[in-house]
Amino acid sequence: MGLERAFADEPAFVPYLAAGDPSYEASLEYVEALARGGADVIELGLPFSEPIAEGKTIQNAIVRALEAGMTPDRFFEFVEDLDVDVPLVCMTYYNLIYQYGESEGPRPFVEKAAAVGIEGLVVPDLPGEEAGPLRTACDEFGLDLVFIVAPTTRGDRLERMLEQVSGYVYVQARLGVTGARENVDDATEESLARLSDWNVPKAVGFGIKTGDHAERIVSAGADGVIVGSALVDIVAEGHENGDAVGAVADRLEAKARELKEGALRGGPEQPQPERT
Amino acid sequence: MSTDDAYDPKFGEYGGQYVPEALMPAIEELTDAYQRYVLENEDGFMDEFRERLADFGGRPTPLQYADQLSARYDTDVYLKREDLLHGGAHKLNNALGQVLLAKYMGKERIIAETGAGQHGTATAMAAAHLDMPCEIYMGETDIARQRPNVFRMRINGSEVNPVTVGRGTLKEAISETMRDWATTVENTHYVIGSIVGPHPFPKMVRDFQAVISEEAREQVIEKTGGLPDSVLACAGGGSNTMGTFAHFVDNTDVDLYAVEAGGSSLQVDEEEGVAPNSATLSTGDEGVLHGARTKLLQDSDGQIMESHSVSSGLDYAGVGPELAHLVDEDRVTPVNVDDDIALEAFHRLSQDEGIIPALETAHAFGYLEEHHDEVGDSVIINVSGRGDKDLEIAIEETAKRDLDIAPDMSIFERVGGGGL
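Sequences listed follow chains A and B, in order. Take 1 as the starting number for the first sequence in this note's numbering and just add one per residue. Take 1 as the starting number for the second sequence in this note's numbering and just add one per residue.
The following block holds chain B by itself, in its conformation from the complex (with noise of 0.2 Å):
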């Protein structure tokens, strides 16, 4: 876990503390208790949170060595299997890290926001565990691409309150959410889903999240006696990819790789406020959104973007403040691939390895194919989520192309159903 300072908002001159003032008195009590209970275990907090990851979430997930890819690229390629936690993605780590803080502190009810479904169904699942209230917000677009994510919020016991305003995605799912926040913040706490928001937020969930690179560390030096030449994971708000790179960060021989959604372009459309991608790292300026300074998708006035990826989940025009920072100190590459590379490699992976990835997962996959010979010999690869919750939209997405590696699925139509 970090040593760093708790009281510390800033990466460089990223990060902050940018909300309304109704919020602060809740935002210093959540400082307060993540010094407390996560950096300095208070009362057993952390030796309960890592119990529960466990014991309820499945922890530690495998590092497997992927057989087919390594051959195909001729590189070791080692998969970080979060797809295998507890509701498939890495999101349960901070939601379960989140929802046990709360309820340390005292607080009453959960609310968050989620842009796939992921973070959603990992807070409804955690709150549920806990035995906590639950509100979700989700844009109404998500909601109609992310329908089983929504089931299984609503099986869990959890309210999914959509969002109508902009384009009904992430974005403003976490403005509404904050508003929500600021109602109703002397009982409840906002579990935020990824390396965004308000300090402590970006620093707290990392934590929860380095779990990952914790264990894939290990896991890697026990396989391989070494460290791997590469370390690839995709980002959308950055929670995976913070995750995933934490215990590498100090290895400066180890490439870290950030995998953007490259979307359809990374041209934008100033006229209509449209990025048609996700690639905030790769493309955007710096600014202030939802709490914090870092890197967004913005016009020349400062305006937001409408952002776009095939993966609701990387859907987003903002980015972590640390993944902005280690962008600008030149310790994380940031890379991004279109959406017809990312559902290409997802029914690579789904053929190759017998893994049907999170189409935010295939985004890493997709540059790992197309960039093999500049990742060195061996590469760990986070396989953030699993894709059964995108089938849909694969579907969908994928009789719109001419995917060679496309599965023929004819046998819809000579039944009378639908057909890829």
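Chain A extracted, bound-state conformation (with noise of 0.2 Å):
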């Protein structure tokens, strides 16, 4: 399992584009954007048509990559195309994972997945109640499985989600969809104060629009920051102007650079010893 090796050093910047958003080509561009800026992980999302867990930026998101032709065999050639030296999670919904492949069931998806370099799966309807057959496939194909911890997981479930967690945990900084927020909820630090003897890192998303929120969730003891709603809405806003692939790509590096900057100024000064 390798996903925690992007924690190891430093906190963590991970990203989120849906792929294929406005277009195959200009998304190709934009993910690489992220990773000049200083992604350490990035999460690719494979666009579903019942996105429940996201808010309306990323639902539109997920609207215009489905316009342009995503599907799950263009999301994993998107994959091979990107030129990033970066690890890659694929974030998508359980039916698209569970009908792929010639059979039923998560394995011919999690085989293909593994195939073209992608290293965790996030699955926002998939609790851990339901997770076994997909667990079972990311074991033997080497893939983490990245679990949600909300505000309300508690008691019996952290437990339950602790002994099925690899790579990194997901922390949801508040209730809701996915979506830029102009403040950080102080559900945050409730949720990392409930994991704080749980080895493994520790990234939060939910809301984080700037360098200061990242700066704030790190210090108060992130390991890293998820970002997702306020790169999608550089993305909208260059498609909606029609502004040039390459200025769009631009903003999406400067906007990187901010929140990986933000994210190590609310790191310890020194690097954190390498966790197993």
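Here are a few chain A residues that face chain B, going by a calculated C-beta distance under 10 Å: (1) V63; (2) P127; (3) E129.
Where chain B lies over chain A, by a calculated footprint (3+ residues, C-beta under 8 Å): (4) 42-53; (5) 84-96; (6) 99-113; (7) 145-157; (8) 169-183.
Honestly, the hints are just simulated from the structure, not real lab data. The C-beta atom is built at its ideal place from N, Cα and C for all residues, glycine as well.
Hints in hand, dock the two standalone chains.
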């Protein structure tokens, strides 16, 4: 299992973009810009038609990507076409994983994901209760399965989840769906406190928009920050204004740098010892 | 009521709990509440539910012998009159049950989604009756075609939130309500309107709706001394269907027909991602949507198709996991009729029996018209709702067709109004 390594030396910046938004070619450049800007892991969204955990920003990105022809097979080509030296995680919904390939069940999807170099999966509509078959397939092909800890996850649920987590744990900063916010929620610190004894990197997502947010999240104890909507906003704005792909990519790179630097400011002066 | 385990989330391979982690604690809490209040009648919950169903809802509804249809089909046709329930549809059984349960659980706010508006209306009525604030999500397409129900929800004090994503129908409204719930889960109960969604909703909603078949069974035995040869119900998500079947499932000599919306065609346009029907049980494939593994209208990649029916209430790409299981077990026979046959049946039932049915219900009567030779000597058919809400769309859709059975409405043209 390998995603832990991305969090080993310094606070990690984990951006999200929907693959294929607003077009295959532009999206390749945008993801590569995030890598240049300092991404330590990149979460690539494989668009599903019913994204129940996403807010408006990412819903719209998913619609744009689907309309531009993104499919699971195109997604795997996309990953192969990317020129980045950063671990890639696929974030999608279970039906696409379940349906892929000739036989039903998650194995063919995971096998293909591993073959193209995906290192982990995040599946927002798959709680631990339903994750058994996917966990088995991920173990077989060496992928991490990243679980989301919500502000409502407590007690026994937390204990059970710890047994299933690998790679990193996605700490949901507040209740609700994805979307950039002006302020960081207090629920974040409470959630991080509940996980303080977990020996797995903790990456916080939902609502992080600026370098200052990233700094505050990391100084509150996170090992990394996950940022989606604030980046997708840049893609959407560029698309709506008809901006050149290169110009939008530059903005994404600059935003990535701001977020990465914020995360670094929130971290300790010295690199943390490597986790096992 | 059901006696099976509240903690078993599956019907064979179907069912389950495929939802964001943030919702899982609420779903666990709801499962406990379902076990204690619904299955074990803790604090007299079920007694109060039944009392309110009787006094507020108007239960029991009659089982009426349909003279004209029986003569027409040479078959004894019995109508379970859920259209006579308060609000004009079976939906109140579930809405009242869930809003009352939310109150017992100490929740402070109700949210719901609606397609045709009948579930939204029933939830709004139940929420007003039990003094709970309520917001309803409804696709903008459905708002446009179901104005009377939107007005009824507003009159009863509920907010109606238009959903503009996608095609603006039930599928999008469910997704949007789940997003609200993920934000407000700590004080809010989501009243799911059918036997869909994550466990325990499919079982719990079935149990609230099972009062239909519980009564129908007693009534038909009282009237005829035995059980019918067949039971027919229209099927969208499937709450009316399972409610009508529940107490007959164990009697395997009673044939159960789930009548789906064949729409304009059973063929799909995979390129466009559109199924011009809502016949999920007949044509769908297994997959995961809105919290459950079930049969779905989806393309080969697993993207959910846009569905279609002349009836908003059947216009959904999924179906309850229990129905999917019973179809696989050959206990329930999935059949379908198209928009034209449903519309004809809408007029026929109105003229022959003096009952204007919901367009959903009309599908079941359309099947009876086409296949009455196959249903045996006696049949119960559930009149799931009344058709007042559908009059605007019935006028519009009738005008598009050359239906012999449609009434001559040229009186409108003579006085300057629209005509059929």
